[in-house]
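Novice: What follows is the residue order along each chain.
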Amino acid sequence: MSTIALSINNKAIGPIETSDDVMMIEFLHEHLNMTGTKFGCGVGVCHACTVIVDNEDGTSESVRTCINGVSRFNGKKIRTIEGHAKENEFGEIIKLSPVQETFIENFSFQCGWCTSGFVNETTVLVEKLKLMPIRVNEIETVIEKALGDHVCRCTGYVKYYKAVKELILSTEGLTRP
Amino acid sequence: MKMNVNLLKLSALFLALPLTANATENELVEQGKYLAKLGDCTACHTIDEGQANGGGLPFTTPFGIVYSTNISSDEEFGIGHYSLEDFTDAMRDGIAPKGNLYPAMPYTSYHLLKDHDIEALYRYFMSTKPVKQENRDNDLMFPTNIRMGLKAWNLVNHDSKVFEANADKSEKWNRGSYIVNGLGHCGECHTPRDVMFAMDQSRHFEGELIGGAEASDITPKELNRQGWTKQDLDDVLRKGYSRKGTVFAGMYPVVFHSFSHLTKDDMSAVTSYLLDNDGEVAAKSDTFNGHDKSDPGYDLYKGYCAGCHGINGEGKPNVSPALIANATIDKAIPINTLSVMLNGVEEQRYSHTHGFYAMPSYRDTLNVKQLTELTNYIRKVWTKQPSDLTESQVQEWVDKIEDSIADAAH
Numbered sequence: 001m002s003t004i005a006l007s008i009n010n011k012a013i014g015p016i017e018t019s020d021d022v023m024m025i026e027f028l029h030e031h032l033n034m035t036g037t038k039f040g041c042g043v044g045v046c047h048a049c050t051v052i053v054d055n056e057d058g059t060s061e062s063v064r065t066c067i068n069g070v071s072r073f074n075g076k077k078i079r080t081i082e083g084h085a086k087e088n089e090f091g092e093i094i095k096l097s098p099v100q101e102t103f104i105e106n107f108s109f110q111c112g113w114c115t116s117g118f119v120n121e122t123t124v125l126v127e128k129l130k131l132m133p134i135r136v137n138e139i140e141t142v143i144e145k146a147l148g149d150h151v152c153r154c155t156g157y158v159k160y161y162k163a164v165k166e167l168i169l170s171t172e173g174l175t176r177p
Numbered sequence: 001m002k003m004n005v006n007l008l009k010l011s012a013l014f015l016a017l018p019l020t021a022n023a024t025e026n027e028l029v030e031q032g033k034y035l036a037k038l039g040d041c042t043a044c045h046t047i048d049e050g051q052a053n054g055g056g057l058p059f060t061t062p063f064g065i066v067y068s069t070n071i072s073s074d075e076e077f078g079i080g081h082y083s084l085e086d087f088t089d090a091m092r093d094g095i096a097p098k099g100n101l102y103p104a105m106p107y108t109s110y111h112l113l114k115d116h117d118i119e120a121l122y123r124y125f126m127s128t129k130p131v132k133q134e135n136r137d138n139d140l141m142f143p144t145n146i147r148m149g150l151k152a153w154n155l156v157n158h159d160s161k162v163f164e165a166n167a168d169k170s171e172k173w174n175r176g177s178y179i180v181n182g183l184g185h186c187g188e189c190h191t192p193r194d195v196m197f198a199m200d201q202s203r204h205f206e207g208e209l210i211g212g213a214e215a216s217d218i219t220p221k222e223l224n225r226q227g228w229t230k231q232d233l234d235d236v237l238r239k240g241y242s243r244k245g246t247v248f249a250g251m252y253p254v255v256f257h258s259f260s261h262l263t264k265d266d267m268s269a270v271t272s273y274l275l276d277n278d279g280e281v282a283a284k285s286d287t288f289n290g291h292d293k294s295d296p297g298y299d300l301y302k303g304y305c306a307g308c309h310g311i312n313g314e315g316k317p318n319v320s321p322a323l324i325a326n327a328t329i330d331k332a333i334p335i336n337t338l339s340v341m342l343n344g345v346e347e348q349r350y351s352h353t354h355g356f357y358a359m360p361s362y363r364d365t366l367n368v369k370q371l372t373e374l375t376n377y378i379r380k381v382w383t384k385q386p387s388d389l390t391e392s393q394v395q396e397w398v399d400k401i402e403d404s405i406a407d408a409a410h
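In order, the protein sequence lines correspond to chains A and B.
For the first sequence, the positions run 1 to 177 when the UniProt record's numbering is used.
For the second sequence, the positions run 1 to 410 when the UniProt record's numbering is used.
Extracted from the complex, chain A is given alone in its bound form (with noise of 0.2 Å):
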């Protein structure tokens, strides 16, 4: 058996006990009942079950969760797709994150699987760009980069790919002269 503790969206979690071949996705849905994370492929290839980790020093990863195990994310912060709107003390959704924004106003969902994982790559993007701003005509290449392994077989690519572009070029300190 093996025994986690972690924090999920500011919230403490565990000690919880769990086999040792859990992995993740299946830890945040059969013990938590956090289906927001999807499962896809479940062999590291689609990024739709992609959280966020928070390191100590203050950088941010992207992590797939259904091919690492449990123990990787002990001790750890991590996000997910639950943890990005506000919610008012009622559990309600109040307000979107600007990532979930852009993206609805671009229409990028369609089925929606892989929405999760594309809505924390990018989240964890912007956050780096805070830090590190690029310059206009590198976004589109930066972008390819950051998001280039997810998959949409809906093929809503272009919808995506226009919401992030449009989401850096309109949020101050993403991009520098």
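A few of these clues could be false.
To be verified - Straight-line alpha carbon distances no greater than 20 Å define the calculated DMTMM-like cross-link-like pairs of lysine to aspartate or glutamate that follow:
hint	chain 1	residue 1	chain 2	residue 2
1	A	Lys-77	B	Asp-364
2	B	Lys-316	A	Asp-20
3	B	Lys-169	B	Asp-265
Claimed, not checked - Short derived list, chain B residues pointing at chain A, Cβ under 7 Å:
hint	residue
4	Tyr-304
5	Gly-307
6	Cys-308
7	Val-319
8	Tyr-357
Stated by the list, open to error - Ranges of calculated distance between the beta carbons of each label pair, as one might list FRET restraints:
hint	chain 1	residue 1	chain 2	residue 2	range
9	B	His-81	A	Cys-154	51 to 57 Å
10	A	Ser-97	B	Ile-47	42 to 48 Å
11	A	Gly-36	B	Asp-194	55 to 61 Å
12	B	Gln-395	A	Leu-169	40 to 46 Å
13	B	Ala-43	A	Gly-173	45 to 51 Å
14	B	Thr-365	A	Lys-95	30 to 36 Å
15	B	Arg-147	A	Cys-154	54 to 60 Å
Please keep in mind that the hints were generated in silico from the structure rather than gathered at the bench.
Owing to the predicted nature of the structure, the values given are computational and were not obtained by experimental measurement.
For glycine and all other residues, C-beta sits at the position ideal for the given N, C-alpha and C.
The hints should help you fit chain B onto chain A, whose structure is shown.
Specialist: Quick look at chain B alone, frame taken from chain A:
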């Protein structure tokens, strides 16, 4: 009537002559086409999405960049103007009509080729589609940019001897040796280089770090110690995966373009030669020593590796190789275990139904302490290798991997 029959016979003879000549020429071209696959010529002489044999692929060497040349039949940019003698000199001695070739072209192995095979290759290349693509100038530092120096290098380091069979060995073993050491040019990566950057034949096939990964020790001694059977070698060279693990880094294109095309007989000769055994080789039992849940490596294995390689190292078909019986982790010096953790492994596709997904790079995720714990743990569970590697040893190997030059030529 009799005369007519003779006339018919005579006509048939005249008709048959050019046909027979063509058949011989075609046969030679076909043989050359097969031999070119054994030599993996197109892989080095073609850029990504470029026309086959058009050249231009860069090879980073300690002395600068060498670009492969156009070896299509084009008379202006390729080798269409070569005579058979020119081609033979280039293959055997690295001497092209325009001057000496850099030994990135493995004439240092191809010299073993028999005249007939060189002629077949020549006929094949003369039949290839001409590619109108100009050669790129090499970008080499002084004095290696002076081709005259290669004459001196050849004088000291190059032996242009044609293959001679070892009378003490079987015909099959000799065929294997001819393929592996000649067109296969395996030693160019798998044999360590000496101070002159020539293959050190006293350490034939003992392995060399190249482009961030080690071209493994493929001596019969090491392959037999690791428990490779002929079927295992046949599998790994033909399909890229086997009971003993998969190929990766520079060996993937070699399997894809070259070894996967070997005939059954030639592959059997290659495996007999590599294991130095004409008969069957019995498989050794797999090593699985069980998990040690108190070891810090166990948590790392569960967290980072088990998702693809399985909690007990069983792997996933068409996704990731098993660690049970895996030869990559069963090495005294774990360069390649560390190499795959640092560099990851690129996706490999052999056909629509057969391939492996990419392994992520953990360069920015695992520190040296974690790499050491994980490497020791993997050795402890799935090999008979000692699991007492220190952080300073691992750091030294990591530095070597990082320093090894990407895309180094042969």
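Novice: Is it true that the CA of B:Lys-169 sits at most 20 Å from the CA of B:Asp-265?
Specialist: Holds. B:Lys-169 to B:Asp-265 sits at ~17 Å (cutoff 20 Å).
Novice: Given the hint of 42 to 48 Å, check if A:Ser-97 and B:Ile-47 actually sit that far apart at their C-beta atoms.
Specialist: holds, 43 Å
Novice: Taken at face value, is the distance from the CA of A:Asp-20 to the CA of B:Lys-316 at most 20 Å?
Specialist: Roughly 17 Å between the alpha carbons, so the hint for B:Lys-316 and A:Asp-20 holds.
Novice: Given a hint of 51 to 57 Å, does the C-beta separation of B:His-81 and A:Cys-154 actually sit inside it?
Specialist: holds, 55 Å
Novice: Taking 30 to 36 Å as the stated bounds, is the beta-carbon spacing between B:Thr-365 and A:Lys-95 within them?
Specialist: Given about 33 Å between the Cβ atoms, the range holds.
Novice: So, as I understand it, the hint says B:Tyr-304 touches chain A; can you test that by seeing if any CB pair is closer than 7 Å?
Specialist: This hint holds: B:Tyr-304 lies near chain A, its Cβ roughly 6 Å from the closest one there, short of 7 Å.
Novice: The hint names B:Cys-308 as touching chain A; please verify it with the least Cβ-Cβ distance against 7 Å.
Specialist: With a closest approach of 5 Å, the B:Cys-308 hint holds.
Novice: Does the closest beta carbon of chain A sit nearer than 7 Å to the beta carbon of B:Tyr-357?
Specialist: holds, 6 Å
Novice: Under 7 Å, Cβ to Cβ, is where B:Val-319 needs to be relative to chain A, so tell me if that hint holds or is violated.
Specialist: holds, 5 Å
Novice: Taking only the CA atoms, is the gap from A:Lys-77 to B:Asp-364 under or equal to 20 Å?
Specialist: Between A:Lys-77 and B:Asp-364 the Cα gap is close to 18 Å, so the pair holds against 20 Å.
Novice: Tell me if the beta carbons of B:Gln-395 and A:Leu-169 are separated by a distance inside 40 to 46 Å.
Specialist: holds, 43 Å
Novice: Kindly confirm whether 55 to 61 Å is satisfied by the beta carbon distance between A:Gly-36 and B:Asp-194.
Specialist: With a Cβ separation near 60 Å, A:Gly-36 and B:Asp-194 satisfy 55 to 61 Å, so the hint holds.
Checked against the numbered hints given earlier, the structure satisfies every one of them.
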